[in-house]
Amino acid sequence: MKLASPLKSTLENYGFIFPAVLIFSIFYIYPFIQIFHLSFFEWDGIVPFKDAIPVGWSNFKEISFQDSSWWQAVRNAGFITVVALTLQNILAFLLALACDREIRMKNFYCLIFFIPVVLSEIVVGMTARFLISGLEGADVVNRMLGSLGLSHLAHHWLSDPHTALTTVALVHCWKGFGWGFLIFLAGLQTIPRELYEAARVDGASAWETLRKITIPLMMPVIGLVAILTVLGTMQIFALIIGLVGGEFAGHTSVPVLRILASMQGSSRFGYACAQGITFGMILIAVSFFQYRLSRRAKA
Amino acid sequence: MIAALAAGCGEMPAGTGGSATSAGQKIIVWHWMTDRQDALQELAKRYEAKTGVKIVFELYAPSDAYSQKVRAAAQARALPDIFGILGEKRDFAAFIKAGCVANLTRAMEADNHAWEDLLLKKAVAINEFKAGNPYGVEPGIYGVPIDFMTIEMLYNKDLFKELGLDPDRPPATFREFIEMAGALKAKNMPGLVSGWAEDWMIECLALNYAFNIMGEDKVLATMRGDVPYTDPDWIKVFSLFSEMRESGVLAEGVVTMVNKTAEQLFANGKAVFAFNGSWCVNVYQGMNPTLDYAVMLPPEASDKNPMSIWGNASSFMVNARSKNKEEAVTFLQWLTRRDQQAYLAQRTSNLPVNIECLGNISPILAQFADDVELATHPNLWGVSEFPLVTETLGRGIQSIVIGEKTPEQAAAEVQKVKERESLKKRK
Numbered sequence: 002m003k004l005a006s007p008l009k010s011t012l013e014n015y016g017f018i019f020p021a022v023l024i025f026s027i028f029y030i031y032p033f034i035q036i037f038h039l040s041f042f043e044w045d046g047i048v049p050f051k052d053a054i055p056v057g058w059s060n061f062k063e064i065s066f067q068d069s070s071w072w073q074a075v076r077n078a079g080f081i082t083v084v085a086l087t088l089q090n091i092l093a094f095l096l097a098l099a100c101d102r103e104i105r106m107k108n109f110y111c112l113i114f115f116i117p118v119v120l121s122e123i124v125v126g127m128t129a130r131f132l133i134s135g136l137e138g139a140d141v142v143n144r145m146l147g148s149l150g151l152s153h154l155a156h157h158w159l160s161d162p163h164t165a166l167t168t169v170a171l172v173h174c175w176k177g178f179g180w181g182f183l184i185f186l187a188g189l190q191t192i193p194r195e196l197y198e199a200a201r202v203d204g205a206s207a208w209e210t211l212r213k214i215t216i217p218l219m220m221p222v223i224g225l226v227a228i229l230t231v232l233g234t235m236q237i238f239a240l241i242i243g244l245v246g247g248e249f250a251g252h253t254s255v256p257v258l259r260i261l262a263s264m265q266g267s268s269r270f271g272y273a274c275a276q277g278i279t280f281g282m283i284l285i286a287v288s289f290f291q292y293r294l295s296r297r298a299k300a
Numbered sequence: 006m007i008a009a010l011a012a013g014c015g016e017m018p019a020g021t022g023g024s025a026t027s028a029g030q031k032i033i034v035w036h037w038m039t040d041r042q043d044a045l046q047e048l049a050k051r052y053e054a055k056t057g058v059k060i061v062f063e064l065y066a067p068s069d070a071y072s073q074k075v076r077a078a079a080q081a082r083a084l085p086d087i088f089g090i091l092g093e094k095r096d097f098a099a100f101i102k103a104g105c106v107a108n109l110t111r112a113m114e115a116d117n118h119a120w121e122d123l124l125l126k127k128a129v130a131i132n133e134f135k136a137g138n139p140y141g142v143e144p145g146i147y148g149v150p151i152d153f154m155t156i157e158m159l160y161n162k163d164l165f166k167e168l169g170l171d172p173d174r175p176p177a178t179f180r181e182f183i184e185m186a187g188a189l190k191a192k193n194m195p196g197l198v199s200g201w202a203e204d205w206m207i208e209c210l211a212l213n214y215a216f217n218i219m220g221e222d223k224v225l226a227t228m229r230g231d232v233p234y235t236d237p238d239w240i241k242v243f244s245l246f247s248e249m250r251e252s253g254v255l256a257e258g259v260v261t262m263v264n265k266t267a268e269q270l271f272a273n274g275k276a277v278f279a280f281n282g283s284w285c286v287n288v289y290q291g292m293n294p295t296l297d298y299a300v301m302l303p304p305e306a307s308d309k310n311p312m313s314i315w316g317n318a319s320s321f322m323v324n325a326r327s328k329n330k331e332e333a334v335t336f337l338q339w340l341t342r343r344d345q346q347a348y349l350a351q352r353t354s355n356l357p358v359n360i361e362c363l364g365n366i367s368p369i370l371a372q373f374a375d376d377v378e379l380a381t382h383p384n385l386w387g388v389s390e391f392p393l394v395t396e397t398l399g400r401g402i403q404s405i406v407i408g409e410k411t412p413e414q415a416a417a418e419v420q421k422v423k424e425r426e427s428l429k430k431r432k
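Read top to bottom, the protein sequences are chains E and X.
Start counting the first sequence at 2; every next residue gets the next number (the working numbering).
Start counting the second sequence at 6; every next residue gets the next number (the working numbering).
Pulled out of the complex, with its shape left as it was, chain E reads as follows (with noise of 0.2 Å):
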């Protein structure tokens, strides 16, 4: 009895993860294997799959040396990352820093943060557009402009090159930064408050407060948050749709619009995938640096 009663226990685990291991065996693992083993084939996704060709690495060659609209798009992409990582994450934590101390109407606010991130990315993209477009919409950037005497600095924003993705970058900024803030004020509400009244005490400045406990302290919440921006930046798609429509020229291009490209412009669906293992090693690669960054700067 004594020893049945261990493995009677070891199965009834096994058999409460099983169902969980089961559903991400067959809609994650599976269908991974089945990408890689798709991105060494020429296929249109149409004809059986034993009538695809197998091409080798060629199609992953090409990615590297030939398709320099892949690398166009991975850059546009890294540019709004950047952004995000700076613009959108530095105002998260400082509305979260703002959020943290006893204001009234916290919630409110808190409230009012987060309702951009749930809205869709396809409405927020198209709101957007009708906002800033002048034919289209209300042009209230450049109204803004105006009322503020700087009408010189009107412009298309979005059907000109120079200032499209910059402008997707910053849509993006205000769509994202509520996912941020939530978990910076979530961080900054688990540092003791003795802390900071150690620090007032010892007659630290608010400048000196936050160099030397609360920035400290939230390594490990900024280290999460800039990996989950950047995973959720670099694949972005839907608000490019919204706002200018698609690729415009390769200017707002991003690498998920090529797989889509690829997909169905294209019928390469051996080639899409390759695609979708590129991007995601390079997603893996860009996070690990990031956590070994964020553990360095913790140690």
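Calculated from the structure, these hints are not laboratory results.
These figures come from a predicted structure and were not determined experimentally.
Just so it is clear, CB atoms sit at the ideal spot from N, CA and C, and this is done for glycine as well.
Heads up, some of the hints might be wrong.
[As the list claims (entries may be wrong)] Derived, one-sided and incomplete: chain X residues facing chain E with beta-carbon distance under 10 Å:
hint, residue
1, S72
2, E93
3, A99
4, K102
5, W201
6, A202
7, Q269
8, M301
9, S404
[Unchecked claim] Computed footprint of chain X on chain E; a stretch qualifies when at least three of its residues, placed anywhere within it, have a C-beta under 8 Å from a C-beta of chain X:
hint, region
10, 132-140
11, 160-172
Assemble the complex: chain E is given as a structure, and chain X must be docked to it using the hints.
Frame of chain E, contents of chain X only:
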């Protein structure tokens, strides 16, 4: 992920046809045409009342999602009895080679071509593979067109009057069109709107002008690789877009405009010209029933060759593995007869494919129908361009329109991709 899920689907036993039916009693039809769904369902009711056969129209929109669904179903052998194929001729050919599409030639040619002769020739040709086609498909007719569309230019007659122009005399030449820019600027009116954020619409106008400037033979020779895109005639085509940009005849942001936005602008009188398909008749009717507009051919840039326009048919294919194949063909024959076609045209404002109905359509639709003879389409050419070349062509023209590249630079880039793809194919 989608690709993997599509690939990962297990196969259903052949011949299920996707519809668990008692033979001949229920036909499943998949389509993507949101604007036709109500009319098709009404016709399905009429067919059931007449024959006892139930027709179920299943709508899957938007078209991108539909396209993926059909491909995944082809892999899983779970296609319905009747379905539509979105994409290019090579995709159509791939479905046929995968054994998913029935050859309808015998039915079309029965009784001395009775069914075939009832339909617009161009609409039938869209679904036909001729002997020696480059896809290696057995010659035949593989689809049944249910309506036809052409893509042309439209102009707002009221805005023409405001500009002091004759609303019955649109610009006939490219020069006249460009010269209108002065009048447009003076009245601060946006000129041409179109969904040029989508590569295919910009490519469509470019190919119209390519046919006009160099003729069909030379365009097709380019696609076969016998003429480079850097040829002076192609540079002329690219230069037209440069001229349009410089003159100011294009509306602001046309390159980032999706077609729905362009339709809203034109319907609300915020643009003088639109480049749009005949489906717009229904769209404008919904957006602004009082809109006074007319159809015109894209203004000719050359008098050497006729102007061409794009024309394509929305078609249904019969699943070659369906148990209800014969009943499906019978239903499609009924659907393309005069009464049903007249009803579809009246309800959806699309061009009917039954030639007997063409004399009985709305005046604005009739203007589109008048130019059907000038219609052409990549699906009719028997030769296809590499997708990456097409994409680079669209992008290159977008770059010209935003003033980023010269026609020569854009042409050189297209040719570079063409040579790379040709080399890859030869390997």
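Here's how the hints hold up against the structure:
Taking 10 Å as the C-beta cut-off, the interface hint given for X/S72 holds, the closest approach to chain E being about 6 Å. Because the beta carbon of X/E93 sits about 8 Å from the nearest beta carbon in chain E, less than 10 Å, this interface hint is met. The interface hint given for X/A99 holds, since its Cβ lies 4 Å from the closest Cβ of chain E, which is under the 10 Å cut-off. The beta carbon of X/K102 comes within 6 Å of a beta carbon in chain E, closer than 10 Å, and the hint placing it at the interface holds.
Checking X/W201 against chain E: minimum C-beta separation of about 9 Å stays under 10 Å; hint holds. The restraint placing X/A202 at the interface with chain E holds, with a minimum CB-CB distance near 3 Å, inside the 10 Å limit. Of the supplied interface hints, the one on X/Q269 holds, with its beta-carbon coming within about 8 Å of a beta-carbon of chain E, less than 10 Å. For X/M301, the shortest C-beta to C-beta distance to chain E is roughly 22 Å, which exceeds 10 Å, and the interface hint is violated.
Because the beta carbon of X/S404 sits about 5 Å from the nearest beta carbon in chain E, less than 10 Å, this interface hint is met. Coverage of the region 132-140 of chain E by chain X holds [criterion: at least 3 residues with CB-CB distance below 8 Å; count 4]. Taking a C-beta to C-beta cut-off of 8 Å, the region 160-172 of chain E contributes 4 residues in contact with chain X, enough for the three needed, and the coverage statement holds.
Violated hints amount to a single one, hint 8; each of the other numbered hints is respected by the structure.
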